[in-house]
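Kindly generate the complete structure, drawing on both the sequences and the hints.
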Amino acid sequence: MSTSKTLTSIGSSEPILLNIGKGFFRFNPLNGTCPTTYDELYDSFFDGFFKKLQDSYFYVNVLQFALVSLMYVNAGKGRYWKILFYAAAGGFFGSLIENGTVAFICRKIDYQIPRSFVVPFFITEFCWIIEEYSIPLLNLTKMKAFSKGKLAKIVNCLILGLFPVFSFFRFCIGYTRMTNGVLSNRDIRFYHTAAFSTMAIADLICTISILYFVKIHNEKEAVNSKDITNYVKRSSYFILICVDIVGIFLAIFNSITQVEALNVPESYLIPFHCIKCSFILILSSDSLLFKYSAYASSLSENYRSYNYGGGSSYYNKSSYNRSRNNYDISNKSQNNNHNHNNNSNTNTTTTNNNNINNNNNINNNNNPIMSLAQYNCYINDLKGLQNKNKLKNNNNNNDNNNNNNNNNNNNKIISSVLGLHPPNTELNYNSSSIYNSYSDILYKKQLQRGQHRKDKTKEFIPTWIGFE
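Taken in order, the sequence shown gives residues 1066 to 1533; the numbers are from our numbering.
Hints are computed from structural coordinates only; laboratory data are not their basis.
Treat the hints with care, as some may be off.
[To be verified] No farther apart than 20 Å at their CA atoms in a straight line, the calculated lysine to aspartate or glutamate pairs in the EDC-like style are these:
#1 K1173 with D1112
#2 K1173 with D1108
#3 K1087 with E1325
#4 K1117 with D1104
This is how it looks when you write it as structure tokens:
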């Protein structure tokens, strides 16, 4: 039986023989390693390497590693993100070594050199093991959020126990590739079926376990069941289950294609294999989106809880309650002063007027709102004080006395609500400086509230999305 293949080179009248015997199995079209014609062989290593880059599996691993690394450096934290990063790195270096080796052994100047022992093909299996078995490890990391007890330990033991089995089949693939110098043959496809089946069992265990533990958690803690259900719907649990299902279908179709009687083409495996190659990028993107959506949701809830009447009001509940109490006291004070002024004689009234005016001048130094329009504007903004206690300019002496008293009392109301000034503090009468001081105090309060919200957010978001 002939072990060579006769091919005619383009632009040449003489045929070029490509040996497909021992040491040259890489040129056999059934092994899917090198181009099948001499003219399609690579002119140089870099020519072959860049041509292999157009292979979707190779390009996805390169792009995946770049994006996941960027996410990990800027936003990733915790065990979950470390597993994602190591898996992406494993896929990147595995693709780099494997495709670089193919580019080297498939050069035109190399077509007469036998390659029956290719060590890099075995080395790449370490990288594929790290990348592919990261799916069950990610499942275990997610389940730790709410899985406890003996059953959780059993699931952990089963997943970790399947790891040596999966690694064994992957090393068998690597050894066969190394000793034959090819990427695929009948034995390699058989070991692939065994490895995919092992992964399918692990994925099936993880999927059933996630659904079971979520159901148990919802039954035990009915109050928090809605939150956990949202985690399953919104977080990477749903994506992980989809990846698990893809792995199961990949194992099934890979087994079916090995049965010649069924005559199922291997092209049916390509869609599932493409999804499986890019699952790290999918999980990383989903985890990043959920992390920031949960963080933003927590900030929004805390902001509404700290501010009275929603996010548009600067007055919190405690300040509002203090203002209502001061308002009641001020009304009593106003009534008493009014009765006193009506029943007093001219000399007493004159004396009281002078004292009130002096007190008014002192309080005006402490009052952050100096103009009549500004004062009435703030009074109208306070709930319960609409259209009340507005200052009016009258020529009547008794009304002036009452207005002065109202001004003093209302100054106390505003000061209590805003909490702006200590006693005997002189402020600039310039309105811009008044608003600047007011903005500075609000800014400091917002910083204090923001720090508190940040602490509560850490408690709200699970550790697996980056807050460990």
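Against the structure, the hints:
{"no.": "1", "hint": "K1173 with D1112", "verdict": "holds (11 Å)"}
{"no.": "2", "hint": "K1173 with D1108", "verdict": "holds (6 Å)"}
{"no.": "3", "hint": "K1087 with E1325", "verdict": "violated (25 Å)"}
{"no.": "4", "hint": "K1117 with D1104", "verdict": "holds (16 Å)"}
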